[in-house]
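Student: Taking the hints into account, I'd like the entire structure generated from these sequences.
Keeping their order, the protein sequence lines are chains A and X. Those letters in the first sequence? Residues -14 to 283, by the working numbering. Those letters in the second sequence? Residues -14 to 283, by the working numbering.
Some clues are possibly wrong.
If several chains are the same, the list does not tell them apart, and a pair holds so long as it fits within one copy or across any two.
With a straight-line cut-off of 27 Å between C-alpha atoms, the simulated BS3-like cross-links for lysine-lysine are [claimed, not checked]:
| id | residue 1 | residue 2 |
| --- | --- | --- |
| 1 | K59 | K159 |
| 2 | K129 | K59 |
| 3 | K207 | K151 |
| 4 | K159 | K44 |
| 5 | K44 | K107 |
| 6 | K130 | K59 |
| 7 | K176 | K59 |
| 8 | K129 | K79 |
| 9 | K59 | K35 |
| 10 | K43 | K129 |
| 11 | K59 | K79 |
Because the hints were derived from the structure by calculation, they are not lab data. Nothing here was measured: the structure is a model prediction, and the numbers come from that model.
There are 2 protein chains.
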Amino acid sequence: MGIDVGGTNVKMGIVDAETGRITSFYSHDTASWRSSGHFLQSLGDAIALKLAEFPNVKKVGIGVPGLINRSRTKLLEITAIPEINGADAVPDLKARFPEHDFFLENDANAAALGEYYFGEEKLPEDYIFVTLGTGVGGAAIIDKKVFKGGGGNAMEPGHVPSINGKVLERNIGKKELLEMANQMRAEYTGKTQLPADGTISTTGMVAAAGAGDDLALRIFDKMGTLLGEGLVSMVRILDITTILIGGGLSASFEYILPSLERSLNYWLTPYYLNTLSIKRATLANDAGLLGAASLCFE
Amino acid sequence: MGIDVGGTNVKMGIVDAETGRITSFYSHDTASWRSSGHFLQSLGDAIALKLAEFPNVKKVGIGVPGLINRSRTKLLEITAIPEINGADAVPDLKARFPEHDFFLENDANAAALGEYYFGEEKLPEDYIFVTLGTGVGGAAIIDKKVFKGGGGNAMEPGHVPSINGKVLERNIGKKELLEMANQMRAEYTGKTQLPADGTISTTGMVAAAGAGDDLALRIFDKMGTLLGEGLVSMVRILDITTILIGGGLSASFEYILPSLERSLNYWLTPYYLNTLSIKRATLANDAGLLGAASLCFE
Chain A
-14 MGIDVGGTNV
-4 KMGIVDAETG
6 RITSFYSHDT
16 ASWRSSGHFL
26 QSLGDAIALK
36 LAEFPNVKKV
46 GIGVPGLINR
56 SRTKLLEITA
66 IPEINGADAV
76 PDLKARFPEH
86 DFFLENDANA
96 AALGEYYFGE
106 EKLPEDYIFV
116 TLGTGVGGAA
126 IIDKKVFKGG
136 GGNAMEPGHV
146 PSINGKVLER
156 NIGKKELLEM
166 ANQMRAEYTG
176 KTQLPADGTI
186 STTGMVAAAG
196 AGDDLALRIF
206 DKMGTLLGEG
216 LVSMVRILDI
226 TTILIGGGLS
236 ASFEYILPSL
246 ERSLNYWLTP
256 YYLNTLSIKR
266 ATLANDAGLL
276 GAASLCFE
Chain X
-14 MGIDVGGTNV
-4 KMGIVDAETG
6 RITSFYSHDT
16 ASWRSSGHFL
26 QSLGDAIALK
36 LAEFPNVKKV
46 GIGVPGLINR
56 SRTKLLEITA
66 IPEINGADAV
76 PDLKARFPEH
86 DFFLENDANA
96 AALGEYYFGE
106 EKLPEDYIFV
116 TLGTGVGGAA
126 IIDKKVFKGG
136 GGNAMEPGHV
146 PSINGKVLER
156 NIGKKELLEM
166 ANQMRAEYTG
176 KTQLPADGTI
186 STTGMVAAAG
196 AGDDLALRIF
206 DKMGTLLGEG
216 LVSMVRILDI
226 TTILIGGGLS
236 ASFEYILPSL
246 ERSLNYWLTP
256 YYLNTLSIKR
266 ATLANDAGLL
276 GAASLCFE
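Tutor: Written out as structure tokens, the structure reads:
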């Protein structure tokens, strides 16, 4: 069973370990459980119903949007649901469901692992997963396991130094990307379908790039270059050469890829380039739930 | 027993597991074993003599200057002794000495681990180790173990992107540091004891900085800033906040520290800064041999 605890909804479902097919899907809005003042109790009740319905299910993976302790038992900093900070989630669930095993992980880490077990393409046992969206998030999978690093919260690809004295996601996060796009639009004198009134959207940019719009392609070229430089650090530090790109902005994958590859080719040596592989993540909307379920394989 | 295979000398000794005291030290020049055409055979003979002399020694750690395979059995790319590339060093030694266990590691990784077991100060179980010298090398220790990364050769801190379109060690490696120093000397109009004829040395810079020389301090300030930016990537990717600095150029430790800390303070958040600790490595000349011996603890 996989549970994707999100700031908007909590989603759960029974996942077929072979096929990744989700059955008995259930979604509950996060806000009403929060306002009850008993979020974890409510979550536990929902789990109890599902487990009673599926007596063969013995393992439950849970992805949460925030920091957890290194031994993966306790919630530390769940920004979207702060009242559960400090809860010993795994021991508490185990006390209520002694016959079951619970596996807790940060949601981005879980989503990364889910690509290994349930993604469309066969992946190697080591890869870097980067999500492009509001921020730039990510994870690393090493030996088919989430890489926790020293303190337990490894891999903040959005926070490596980038240009202009800013970290990477302050240059290519969604908001910053649109600022850059509007700026480049203001200075652009050629023909483009992007609006000049400061209302460029990411979907508009992807559509324009797909139609061969020169300015849109230039914006994604810049984004790919900056992302590439950040990825170089990760490749050099982790010695991993398969890179998976997910998140909402990965819709721009094919437009950032040329400059991303150019950047990696500039900075890396043959030792890395010989096995370099950059792919788009495949799980999309189900990434959270399938990722949570994949924790049960650990 | 620890063996430090270097490009100039092969050093070995019996190391007291408690105190790190080295006894029965033996050093042989690398060149003559190489020219015999039987480097590994000669190394094995030297090991045989030592093991016969110390029947209680059952574990042998070996540090080598280059790339080894992920399972730490085979030599891949030992630039200084290329004729041993491809040798199955550990299985071959085990076949000759079936009663003994052999532990192979890259020498920088071994030196990093040695600081944990034999360093003067108590270290946490996770730290980043960076060596400043001809190049910028390093390792990461996670859970008291060498962090191997995906392919087995993690942590190339000298090769993360830095300024001027160059990787870090092409900006602050020894040669590049001296180029920068001579350049800054040429443009400097103040009073300084650094020579103006292009012959600045690193020892001269350290001495000048110690005497309060403004230009020497400015050079180390620049070096610390660039090193700091590189370290930020490592901290963010590995979630490790103890940083150990070794290598010959770590003689400049106290002069690069202020700008290094300024750089880390600029880029990092309280989550990291609360536990940030930057120290100088303590093993110095014995780092290689003690590091090799420390592999026996794994």
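Student: For each hint, tell me whether it holds in the structure or not.
Tutor: We went through each hint and held it up to the structure:
no.	hint	verdict
1	K59 - K159	neither (31 Å within a copy, 46 Å between copies)
2	K129 - K59	both (22 Å within a copy, 23 Å between copies)
3	K207 - K151	both (15 Å within a copy, 19 Å between copies)
4	K159 - K44	neither (36 Å within a copy, 54 Å between copies)
5	K44 - K107	within (24 Å within a copy, 40 Å between copies)
6	K130 - K59	both (19 Å within a copy, 24 Å between copies)
7	K176 - K59	neither (54 Å within a copy, 58 Å between copies)
8	K129 - K79	within (25 Å within a copy, 30 Å between copies)
9	K59 - K35	within (23 Å within a copy, 50 Å between copies)
10	K43 - K129	within (21 Å within a copy, 33 Å between copies)
11	K59 - K79	within (12 Å within a copy, 44 Å between copies)
Of the numbered hints listed earlier, those contradicted by the structure are 1, 4, 7.
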